[in-house]
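Student: In case you want the letters, here they are:
Number of protein chains: 2
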Amino acid sequence: MELLSAQMGDYMTTFEDFMKPYGLVSKIDAFGYLDYLKTHPEEGRKQGKVVLVTADTPLKASRGEGKTTTTIALIDALRARGVDAAAVLRQPSMGITAAGSKGGASGGGKASLAHPELVDWGLCGEMAAIENAQNLLVSFAEKAADEGLLDTILLPRVSEVPSRSLRQIAVDRGKSNRSERVVLTPTCELMQIVVLSRSMDEIAQRVAAMTAGTKDGKPVTFGSFVDLWRITNMLGGAVQPAYMTTQAGSPVYVHCGPFANVSLGIPSLVSVEMACALHDVVVVEAGYGADAGAQKWLDIAAREFGAAWPTAAVVVTRATTWRDDPALRWRYPFHINRLEGLGIATFPLVNLWEGEDGEIPDLRETAQQLGFRRPIIGNLFRDGGQVVSDQLNDLITALGVTADGVPAGSLDAESGAQTAQAQVVQDLQSHQGIDIVDQMRWIARSAYGVPAERVLEGPLFADSLAQARSLCQGEGLDLNDMVPVAVKSPATMTDNDNAPENERTVTLKKMEVHTGAGLVQVNLTTSLTTPMPKIV
Amino acid sequence: MELLSAQMGDYMTTFEDFMKPYGLVSKIDAFGYLDYLKTHPEEGRKQGKVVLVTADTPLKASRGEGKTTTTIALIDALRARGVDAAAVLRQPSMGITAAGSKGGASGGGKASLAHPELVDWGLCGEMAAIENAQNLLVSFAEKAADEGLLDTILLPRVSEVPSRSLRQIAVDRGKSNRSERVVLTPTCELMQIVVLSRSMDEIAQRVAAMTAGTKDGKPVTFGSFVDLWRITNMLGGAVQPAYMTTQAGSPVYVHCGPFANVSLGIPSLVSVEMACALHDVVVVEAGYGADAGAQKWLDIAAREFGAAWPTAAVVVTRATTWRDDPALRWRYPFHINRLEGLGIATFPLVNLWEGEDGEIPDLRETAQQLGFRRPIIGNLFRDGGQVVSDQLNDLITALGVTADGVPAGSLDAESGAQTAQAQVVQDLQSHQGIDIVDQMRWIARSAYGVPAERVLEGPLFADSLAQARSLCQGEGLDLNDMVPVAVKSPATMTDNDNAPENERTVTLKKMEVHTGAGLVQVNLTTSLTTPMPKIV
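Going line by line, the protein sequences match chains G and X.
Each residue of the first sequence is one higher than the one before, counting from 1 in my numbering.
Each residue of the second sequence is one higher than the one before, counting from 1 in my numbering.
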């Protein structure tokens, strides 16, 4: 803790009262700390600027571009330049890591967390607690069904461990043989609630508003039959972000929320708010590609739930992802230009692999031809933050922070960042109340480049829309007030990314309301039929 | 930690190197500490004596007699007398607590743990990690089945959250519709392995020896197709006991293993070994009644797995349990006399409820008539350890420890404890290799009072015995080398506890081998058909 204070400055004195060592990490009472800041406005706090780390759309879901590695390298490099930077990471899914379906998400090589094994192998049991709590809700729904309060159960059970055969199950075999499905814990509604909530009271209210099932066709929420304290007691540790460091000692907060393909894919809002109160620059990881993680940070977290609008973005790609598939080469510039157009100073970052050092001049030239800002390029695994440290002048300038070797107060005039701010204000107007299909059309246009006339509806969509509308009405809600969450393959933005721009379509396939989280999941393009992977 | 050292004496200096604060508790690298003691024989250590806290057979499974409350009151009282006593508790099942099926297991009133909410609501995620690890094994088995390495999967999935409808499920609905069952996490084979193992290597070996399923009728173990490090990595935190204190500050170690009705029902062996190295008296809780928890501590932990034989036992009852059902009144004296006959100084303890103080003279008289040692009686919830502190002279004398107010070196001559030790030596000879049905007959006689000729076999038993034998043979094992674990209702010892002694029978219903744990589960009497409760 003393080391921490020395690193992090004055604001740690109070903050430390809200931290407890937890083995090799510390856990933070983020709700308590943010509440303290609210009730003690005289207390000093920083107003950290958010740098969003997102990525090119990956060629395959299982192939990461290196967002976590980049995030870690960036804060190590910024701190080496004298900037008080910290990172906020999502907790990876242990089940997926343990199953060998994907490496961990703790960085790599010289750009790694200290104790990466902790973050890869379940951290402090946060996700397991969320799993148990959602499963307990299903058990209470089952009891309610036994008692005649429900005749269908809509909330799925969850499992952190992937298993193909749990996608579709029948429970109570030999008796009711009720059909159920099991979803992956990090994608479940309760995880979304923990990501979005700013207090335990808010969590309890949202759990109460979750739809348990229906009785005689009318929706029934959990608030009508569950003691909410049973659920919030289970979540006592899960709502606390973990404090860790990189191997170089830079501060990292880890909390909640992977899987931007089928859920939010962003860390908890409180972890970012807290980091912004403590640091000048907060690098936030949101994945997979910019069409998923960045879209969700901007359109859901920032616009609808009050999270910080990023001052800058870093869009990671591999040298190969960017260039080797001519039909998909449009995606990377699309992401960069989109974010830049929103007034976010957006930097390309090429994460080199072994043997690619020779490509740097070519990569720089391509970036220049495309009108990008000067790209940040390096083998982050091999060299860590050191290799990008002296490439950060433009980023530091865009952030308006002081750093070693950058003249104080210089501002990023050429980027148009300031003129674009006017546009941002308009973009930050909530979409709540706008017709939900129009909201989806807006996402298709802005995040995937597909205009309204090419947003199609699949054969089941109209029915699922009507059902979603009816479910909301039954609970006194308006479907148009729900915030849409796109559910799609992480490797595609449209129905046909390989087609020419004017032929690409987006198909809305079905929707499902999460009344507790205040979200509506909308499946589109080549969405997964289920978020429960198998072991590969 | 400084407080801890002051409380616990010299041996803490080294021990503290193996502890880490973990929020409001500490976690202990017990494997590391015990290994250190082995490799540093010059290092001082205590040779603590074990006091087993067990209970009368409860009238209902959901009605605890107060074992945890007693355990806590006892160590508080012993420490008040100057004895260095500590407790080892099992971690309760959060799912059961959260579901409201049973109160927590963290003591009550003045005989409570500090921070009981932690132990009741998932502690540090230990059980959740065991759940994930066993479920991951099932997922790997499923993958092996997809690849043709298995045609049946025998290991059940687990859930800490109870759910009636998970007792029998069909997975891969609409395709293979494979029948499965889900068992409660604390009862699963992997939990048994963590309870019994003394190193991570032993855990890995035992996981490798777990039966995944069969291929062409031949058993296949997990060692043949799973990377064991994936499982042991998941268990990194789960193998570490938690250090807590009572509200009075007495040391308590909490680790693993509730549910003596369907599994072991004892805390991890390493947590008890570690406590014995650190304290003069270690009070170990094993439940439910003596026919379950004590039977399993003595016959499984001590005799077959090298755990400490208890020097003394305390058998908890309520005033009502003991006396109010005339047909069941035989059970309490049976337990006391059985343990006393094994050379264990056995003390009745009557845990009074509000309004029962007036019964003390009657209770003492009954105890005397039954030839018991002087009973320990008090309202432990209301009064805590203080109410029994001055009733512990006989126990302290039996333990041969020094305490305030007891002459040093006085020994418990009248109890016959020493002459009975000869018998104990014989009882401690392993039963491995003896015919497994004879081993069950021995348990029925010694723990339930039913002789061999009244141990019956149910209609399915012969088949399940043959299958178990064949499974073992297929893995190069001998069924007779497996240690039997009785699976039965916690509220009955025989098929008909209400019948006269010479009519009581025990029926062996079926068996199931846990080749990794080295155990064979034997269902008998009114065993549960499934260890997956429903929410009540």
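No wet-lab data here; the hints were simulated from the structure.
It cannot be assumed that every hint is accurate.
Copies of the same chain are indistinguishable here, so a pair counts whether it falls within one copy or spans any two.
Listed below are the simulated DSS-like cross-link pairs for lysine-lysine, each with C-alpha atoms no more than 30 Å apart in a straight line [unchecked claim]:
1) Lys143 / Lys60
2) Lys509 / Lys534
3) Lys175 / Lys534
4) Lys20 / Lys143
5) Lys218 / Lys46
6) Lys143 / Lys175
Student: Give a verdict on every hint.
Tutor: Status of the hints after comparison with the structure:
no., hint, result
1, Lys143 / Lys60, "between (42 Å within a copy, 21 Å between copies)"
2, Lys509 / Lys534, "within (23 Å within a copy, 37 Å between copies)"
3, Lys175 / Lys534, "both (28 Å within a copy, 15 Å between copies)"
4, Lys20 / Lys143, "neither (38 Å within a copy, 40 Å between copies)"
5, Lys218 / Lys46, "neither (48 Å within a copy, 65 Å between copies)"
6, Lys143 / Lys175, "both (15 Å within a copy, 28 Å between copies)"
Of the numbered hints listed earlier, those contradicted by the structure are 4 and 5.
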